[in-house]
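Undergrad: Sequence:
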Amino acid sequence: MKIVSAQQMREIDRLASTQYQIPGLILMENAGLRVVEAVETALEGIDGEKRVLILAGRGNNGGDGLVAARHLLNSGVMVDTFLLGNPKELTPDATVNYSILEQLTERIYPLTEEEHLEQFVLALMNCDLVVDAIYGIGFRGQMPSLEARIAGMINRTAKPVVAVDIPSGVEADTGQVNGEAIRATWTVTLALPKPGFFCRSGADLTGMLTVGDISIPRPLLEDERLQYNLITEEMIRPFFAARQPDTHKGSYGHVLAIGGSVGMTGAVAMTCSAALRSGAGLVTAAVPESLLSLVELHLVEVMTRPLAETADKTVAPEAFLAIEDLLEAVSVCVIGPGMGRYRDALYTIEALLERVKTPVVIDADGLNALADNISVLKQRQTPVVLTPHPGEMARLTGLRVEEIQSDRVEIARRFAGEWGVTLVLKGHHTLVAGSNGDVFLNITGNPGMATGGSGDVLCGVISGFIAQGIEPQTAAAAGVYVHGKAGDIVRQSKGERGLAALDLVGAIPDILRDFETI
Numbered sequence: 003m004k005i006v007s008a009q010q011m012r013e014i015d016r017l018a019s020t021q022y023q024i025p026g027l028i029l030m031e032n033a034g035l036r037v038v039e040a041v042e043t044a045l046e047g048i049d050g051e052k053r054v055l056i057l058a059g060r061g062n063n064g065g066d067g068l069v070a071a072r073h074l075l076n077s078g079v080m081v082d083t084f085l086l087g088n089p090k091e092l093t094p095d096a097t098v099n100y101s102i103l104e105q106l107t108e109r110i111y112p113l114t115e116e117e118h119l120e121q122f123v124l125a126l127m128n129c130d131l132v133v134d135a136i137y138g139i140g141f142r143g144q145m146p147s148l149e150a151r152i153a154g155m156i157n158r159t160a161k162p163v164v165a166v167d168i169p170s171g172v173e174a175d176t177g178q179v180n181g182e183a184i185r186a187t188w189t190v191t192l193a194l195p196k197p198g199f200f201c202r203s204g205a206d207l208t209g210m211l212t213v214g215d216i217s218i219p220r221p222l223l224e225d226e227r228l229q230y231n232l233i234t235e236e237m238i239r240p241f242f243a244a245r246q247p248d249t250h251k252g253s254y255g256h257v258l259a260i261g262g263s264v265g266m267t268g269a270v271a272m273t274c275s276a277a278l279r280s281g282a283g284l285v286t287a288a289v290p291e292s293l294l295s296l297v298e299l300h301l302v303e304v305m306t307r308p309l310a311e312t313a314d315k316t317v318a319p320e321a322f323l324a325i326e327d328l329l330e331a332v333s334v335c336v337i338g339p340g341m342g343r344y345r346d347a348l349y350t351i352e353a354l355l356e357r358v359k360t361p362v363v364i365d366a367d368g369l370n371a372l373a374d375n376i377s378v379l380k381q382r383q384t385p386v387v388l389t390p391h392p393g394e395m396a397r398l399t400g401l402r403v404e405e406i407q408s409d410r411v412e413i414a415r416r417f418a419g420e421w422g423v424t425l426v427l428k429g430h431h432t433l434v435a436g437s438n439g440d441v442f443l444n445i446t447g448n449p450g451m452a453t454g455g456s457g458d459v460l461c462g463v464i465s466g467f468i469a470q471g472i473e474p475q476t477a478a479a480a481g482v483y484v485h486g487k488a489g490d491i492v493r494q495s496k497g498e499r500g501l502a503a504l505d506l507v508g509a510i511p512d513i514l515r516d517f518e519t520i
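Each residue of the sequence shown is one higher than the last, beginning at 3 in the numbering used here.
Because the hints were derived from the structure by calculation, they are not lab data. Among the hints, erroneous ones may be present.
Heads up, simulated DSS-like pairs for lysine-lysine below, C-alpha to C-alpha not over 27 Å straight-line [what the hints assert, rightly or not]: (1) LYS487 x LYS4; (2) LYS380 x LYS251; (3) LYS161 x LYS52; (4) LYS359 x LYS380.
Could you build the full structure based on these sequences and the hints that come with them?
TA: So this is what it looks like as C-alpha cells:
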C-alpha cells in the first residue's frame, strides 16, 4: 500500500475530479460514511441512546464531519455539531453539507471564544465519543488558541476520539506537533496513509489506523511514482510460495555470518539461528578461533569456521584469507554481530566490500567500524544492506540522534540514495529506504522487542531471505515485517516485559508457514 504526502494526496483528489470526473461531493460523502462506520465500530453499534460530539473545521475535513453528522442523525444518534468558525467561510462542498444539516437539526453551533463554549463543555462531558474533523492533512504549524484549548479539553476527558483523516494538530508529512494536538483513539485516513502517522508525535497520537475507501480510482492509488509504501502481508506473501519438491539445501542459499568477540558470541549465534529459521538452506558462523567452541555449543545445525584472532580475541586482519576462501560458496555475507569495537575491524569490512560479489549485510559493530571510513561503500561491487539503530545512524551521518529521529524518513531516503545502499533504520516503525528512492514503513512490532539481541535476529532474518534469492531491498522490507510480527505473536503469550530475542526466532517458522498455506 502506498503512503502519500499531503501534496500528493491533493493531486490525487484533483485527478479524481478532473480526469475521472468524480465530483468532490461524492468523495466527501464517501469519507463521511467511512467515519460513521468507524463510530459504529467504536460504540459497538449506534442507536438513540448514544451521543456523539462532532467538531468541524472550515475546510473539506470539516465537510466530512458534517456528512458523518447527517448519517448519524439518520441512525437515531443524538449528535451535537460544533463548527469552528463562520459558516460563510466554509469550502463550497462543505457549505452544501452544512446547509443540509441545518435543515435536519438545531443542534449545530458556531463555536467561538464568545459563543457556545459552555454548551461545548456540557456536550463534551455528556457524549460517548468525539469526532475530530477540525483540521485535515493541509494543517501546518500551531493551532490557534481556541482550537488548542478545545484539544486540551478533549484530551483531559479521555473520551474516545475518531479523527477524520488525521488528528488535528499533527502535520501529515512529518508527524510534527507544535503545541497542542488531539489524541485520537481511532484515525480514519482517507484513500491512503500519510507519513505523519509513523513519525514523531504523530505515531503516538494516531491511535488505531483505518484506511477508508472513498472511491478514488485504483490507478491513482497505485501510481509507481508514489515512492513511500506501507509494508503489508499482501505485499510480501508472494515471495514465500510453497517450495518445489525437487530441491535440496543448496537451493535455498548459504549465509556466512562473521562476528563474535569475548562476551558477545550470542549475537552471531542469534543471527545464525534466525537465518536458519527464516529458510536459509545453509548457515556458516565465522568467529575468532578461541571462541569457536562456545558458538558450536549453541548452534548444532550451523557450520563453523575458525578465524585468526587478535590478542583480545577479535577477528584479526589476516583472518580475511580464510573469509575469502568461503565467499565463493555463499549467497550472502553478514558482518558485525558481536564483532566488538576495535581498530582493525574496518580492515575486514573494507577488504570484504572490495572483493565480495554476493550481497553484504552490515550490522552492529560492523556499522561502527564503517563509520570511520564510510567512503568504502563507493568501492564495493555488490548490493549492501545496512541495519543501524538511531545511535549507529548518527555515527554514520555525523548527525545527532535527535536530528535523526526528527526526520527519520527523509534522512534515511537521502542516505540510501547518496551511498547506493538499502538502509534499515530501526526503531518505532522501522523503515527501509532503497537507493532508488523507495521507502517502506513497517507497523508490526512492539516495545517488548527493545531487548538485547533483537537486532541480531533481524539481521539473520534479512540475510536468510536474501540467501533464498529475494532481492535485498525486498528482503529487508519482508524481514522487518516478519521480525515485528514475530514480536507481536510472542507478546500474546509472554507479554512485553518477558520477551527475549530467542523467542522471536521461535515464532518465525509459524509466520512463514502461514504465508505458504494462504
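Undergrad: Take the hints in turn and mark each one as holding or not.
TA: Status of the hints after comparison with the structure:
| no. | hint | verdict |
| --- | --- | --- |
| 1 | LYS487 x LYS4 | holds (20 Å) |
| 2 | LYS380 x LYS251 | violated (34 Å) |
| 3 | LYS161 x LYS52 | holds (13 Å) |
| 4 | LYS359 x LYS380 | holds (14 Å) |
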